[in-house]
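Asks: Once you've looked at the hints, dock chains B, C and D against the given chain A.
There are 4 protein chains.
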Amino acid sequence: MLVVMKPQATPEQIQAVCEHIQQLGFRAHPLPGAQRTAIGITGNKDRVEAASLEDLPGVAEVIAVSKPYKLVSRDVKEENTIITFPGTDATIGGKDLAMIGGPCSVESREQTFAAAEAIAAAGAQFFRGGAFKPRTSPYAFQGMGEEALKIMADVRDRFGLRIVTEAIDTDALELVDHYADVIQIGARNMQNYSLLRAAGRKRKPVLLKRGLAATLEEFLMAAEYIMSEGNYQVILCERGVRSFADHTRNTLDLSIVPAVQRLSHLPIVVDPSHGTGKRNMVVALGRAAVAVGADGLIVEVHHQPDKALSDGAQTIYPEQFVQLMNESSQIAAILGRNVPRGIHVAETASAER
Amino acid sequence: MLVVMKPQATPEQIQAVCEHIQQLGFRAHPLPGAQRTAIGITGNKDRVEAASLEDLPGVAEVIAVSKPYKLVSRDVKEENTIITFPGTDATIGGKDLAMIGGPCSVESREQTFAAAEAIAAAGAQFFRGGAFKPRTSPYAFQGMGEEALKIMADVRDRFGLRIVTEAIDTDALELVDHYADVIQIGARNMQNYSLLRAAGRKRKPVLLKRGLAATLEEFLMAAEYIMSEGNYQVILCERGVRSFADHTRNTLDLSIVPAVQRLSHLPIVVDPSHGTGKRNMVVALGRAAVAVGADGLIVEVHHQPDKALSDGAQTIYPEQFVQLMNESSQIAAILGRNVPRGIHVAETASAER
Amino acid sequence: MLVVMKPQATPEQIQAVCEHIQQLGFRAHPLPGAQRTAIGITGNKDRVEAASLEDLPGVAEVIAVSKPYKLVSRDVKEENTIITFPGTDATIGGKDLAMIGGPCSVESREQTFAAAEAIAAAGAQFFRGGAFKPRTSPYAFQGMGEEALKIMADVRDRFGLRIVTEAIDTDALELVDHYADVIQIGARNMQNYSLLRAAGRKRKPVLLKRGLAATLEEFLMAAEYIMSEGNYQVILCERGVRSFADHTRNTLDLSIVPAVQRLSHLPIVVDPSHGTGKRNMVVALGRAAVAVGADGLIVEVHHQPDKALSDGAQTIYPEQFVQLMNESSQIAAILGRNVPRGIHVAETASAER
Amino acid sequence: MLVVMKPQATPEQIQAVCEHIQQLGFRAHPLPGAQRTAIGITGNKDRVEAASLEDLPGVAEVIAVSKPYKLVSRDVKEENTIITFPGTDATIGGKDLAMIGGPCSVESREQTFAAAEAIAAAGAQFFRGGAFKPRTSPYAFQGMGEEALKIMADVRDRFGLRIVTEAIDTDALELVDHYADVIQIGARNMQNYSLLRAAGRKRKPVLLKRGLAATLEEFLMAAEYIMSEGNYQVILCERGVRSFADHTRNTLDLSIVPAVQRLSHLPIVVDPSHGTGKRNMVVALGRAAVAVGADGLIVEVHHQPDKALSDGAQTIYPEQFVQLMNESSQIAAILGRNVPRGIHVAETASAER
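Residue numbers (the numbering used here), protein chains in the order written: chain A, 1464 to 1816; chain B, 1464 to 1816; chain C, 1464 to 1816; chain D, 1464 to 1816.
Just so you know, these hints were derived from the structure itself, not from any lab. As the structure is a computational prediction, the values presented were derived from the model and not from experiment. Warning: the hint list may mix true and false statements.
Which copy is meant is left open, so a pair is good if it fits within one copy or across any two.
Keeping only pairs whose Cα atoms sit at most 25 Å apart, straight-line, the calculated PhoX-like set for lysine-lysine is [unchecked claim]:
id, residue 1, residue 2
1, Lys1667, Lys1741
2, Lys1741, Lys1530
3, Lys1530, Lys1770
So that you can see chain A by itself, here it is in the shape it has in the complex (with noise of 0.2 Å):
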């Protein structure tokens, strides 16, 4: 159910309205848009009366949502959902194509800021590393966990880079939330709901990896997870999925992305290093994210990826990430789309932290 309020309607109207809402048992997510605010209502119980909501001051209408995801829909919300970091100039899902970079695993403070210098010099705006790593074996290297998240810190303080790192359970999403700018959920918690409902009660904004098979409405309803607790700010990652084909190790499906952004505002980012797994081809399957429409790409990049402690075969090196920047730039520019270099940051920003 959804309440779309007038143009004119007040900020108070709108208060009003949600207590209206929250007061009948259910839940209410106020979602501005450009020309009016609507409000999502969600809960467990029985549909609520429209009839007692249509009548209250700035309200303009009451309408069904028929898609079992809501607050993710373009039903709900017209306008492309664009994610801002304040104080700094960077977006997702925007104009500007989000592009992040940095290796599989931060496993050293060298090798950490070694990347960054690379992935700062090529103009990208926000550094990728794993503080915390879901591994098939238990027995392999799990990641440097805080002691990471403090580095990528020390990278946001002298690059300027915003941090994208994944919270693989609830603990680790307390530090991540803490200490980064974007908590990263992965494929394999795609539908960890208590791991979603959690991040939802964050602020910060969350990069959900697509499962490796998971449905467009499967993927579209973790999301919804996460927005039902009140994080509206979700970005939608496509990493490839499983498929009978052995010539990658996951089959990309750059199709998602068209299909996402025709039923959801959520911005979808695209990552060809899981997408491939082979590190000849992530340049080449990036390009083809920007210009099938992504809103950005997720690279894996090390400055000695044959020494990589996990994922070195797909992983590139920082002068194909130049390649990639610049390629994925002239291509942007063909969809009237920009890829921003370098990020500003303002001085109290920084000093914020």
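Replies: This is chains B, C and D only, laid out in the frame that chain A set:
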């Protein structure tokens, strides 16, 4: 790395080897077998020095385990793992098949007892019921939580049935561990490594469902996560995988049963309810699972499936469960196995709880 | 469109309705049932006028068939199709299961007779052997062609076994139709519509294997191609589909057996050899196929599997085939079915050839 | 086995080596390159004796080809294969991208000319249209056959466009070879080896579509079947594969483009129409295909897609094709490639026909 003790090794010698391993900074996993005890060695560090172990009293040989899964492997433990339920004659993994029935969700005391009565009357030894439901939609019925667990504990007291129920996160795990007999980890959480580790620190048996896109190796590695924490009572469960086929909800991959049995000593059961998603196929595929050699079945049964709050379309009627019990029993006999009828509970066992 | 005749309709009335349909520019397919004859109407043209048919003598009713497959459907023929082999007691699709064994390829007269002797000794009624092999490589052994067919015809004369062999193109089809008893269409050719149509113009039964990525509907539509040309003796065969799983060559989808049986009157058999690709799984999955309700099995058997020119890794030993016959027989009995032992051939039948 | 000739080897020496190979009972495939000619050796027999070849005049070296595909491999021919169309400036596989547009089916002269006019006006050089349609249902429109081929030959005369059309069987192949410029083998026939061999005996280029469940190796082996018969002009085509994903008709696997280009010298084009099955995705995925490095696009275009007799839902409007041409042209330029606009036909070339 695996230390094989001599048949005549004393408990003290075994203990001494374990302590030696721990002093080296590794973890020791003593795995008693019919003939001799083997001690698995795990740890993230460098290779252990075989020489330092071979000379310890009682050690027969030290062998390298080349497979990525170690404790799960038949290389480490040749005999099938048989899980017992103290105070009862129920087992999983031995000659007897484990027949597990019950509703998708616990919806009320009445519904649960009605289902349990039917399950017990059919002669099954295990009862399943969902207290915490991982639902695709955040707005769908999420289960009754602890109240459901209490109802199922009462089912155990009343009918003797051992209780199998899912823990969807670490909070739920504590409760499930407290009330139930088998902790289920669902398909969506098969690579939720934090939850696997936490389950590995419990001492109740864990029923681990195969993920929708999990390879055999990933499935065994997930079990290895649990075992690496010291809980060696793992039951694997095939419940269908994602494929292009659209005549079933999932594609039940029965070939994984002999594949697992070849590589691992762990028992494996089959869930033909999720594996097909269609009531009219459950009995046929259940029979097939017994014929392929599965160690048991887990089946959704409801006295009024069309009124079930979840999964009604794949839930069978009690009379279909009776048919499945009967046919399974006959097929099991052909394979030299047995479907026990009814559970025997020692007086003291019920009293203890 | 389907014309249902009255139970007491005479052959002349049926004939008259068929002629009327043909005069309207359609094709008539009389399908006799236990109670009454139905006449399927197919054709590319516009909808037939029901009214003009309903008033013909002997017509009970004219009903629209909404499914895309028509002659294949149980809507058109409620009773199971039972395929008979004149002069013998062998059938496919009735109470008796069809057990089909033999080598992947006919390699020599000696090898073929050795295999056939084992198959006959085990009590099977059907012999399979490849004369024309569809190989992934143009440089691999492609089969012995007509010479192989002659050897198999001699196998029939010697052992009474009915011969099942693949036709890979229309040239091979003529030869297979001449020498064999059942024309096999392989998985790679399931949508080779020209070949399906050509097989539909033959009067020998056709065993149609499911394509590696065929949905249930596509599978049934392929059978419809054969039937639309007037050959109503089609046997479907599940032989595994492509999935991400890598522990088997293909993923055997046993759930298609009850799915087909629900929608279609055609028999369906299962091929656990291609379905698994592994010798150590064939017997287990063969048993499962019988338990799920398949109308028979087709299995690769060789007296020296490791010397087979093709598919050796999935070919079982004669003693394994004996085990499979025995266990299938016991499981079939539970389902009220029967595995016949040996084939009875009328004197005249052998003489005729 | 591959015989590499010296750069200065004379045509007579090359001829002599070929004859020698044939005398040994093998087949010789001379493959001219920019620097030197290589001669592939194929045949079902035993290994050829390298020594007998190495001493022939003009031979530089004899090397074993370890991959199962030989003539397809870059090991045999390092330079990209560029297919030319005599009398025109059109090519496939060189710097210029091949843009192929047209309706799914030829439905009438008017419809075909309307589409062709739009295709030519957009600047494409190739026209596609179905004369023989492989339809899932035997009762669906199967194409206009030879009449359609004649209409397309007239399209070539009128607009200069080179004609690409599918041959569904050996009969159709003769007709397609007579009327068209490129023989298409459809996805369903990718492993119809008899048809592949027959196409290999023609001398028109063959566009081979990837099967719905074909691995990279199977795809290349299918091309090898064609080449093994002496037709070296093969164009590969990715058109989507079967996966669990349900938001598109097929899952377009763009990663196969760089994978093919790494292993093979053959050109590869992409079909975003079948690859997505949805009109609103065709342009986006077409752009992505160019960005990933494909050698061209094959796209369904109809002036009234909603009235198309087949595949209307995935067919784009002429104005969308113009957009795709424009955007492809800009992306190609970034990769140092070119989308030619219009085809130049020599007077004599048209006269010849």
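Asks: Under a CA distance limit of 25 Å, which applies to Lys1741 and Lys1530: within one copy, between copies, both, or neither?
Replies: between (37 Å within a copy, 20 Å between copies)
Asks: Regarding Lys1530 and Lys1770, is the shortest C-alpha distance of 25 Å or less found within a copy, between copies, in both, or in neither?
Replies: Classified as between: cross-chain Cα gap 23 Å, same-chain 47 Å, threshold 25 Å.
Asks: Using 25 Å as the alpha-carbon threshold, which applies to Lys1667 and Lys1741: within, between, both, or neither?
Replies: Classified as neither; 31 Å inside a copy, 35 Å across copies.
Of the numbered hints listed earlier, the single one contradicted by the structure is hint 1.
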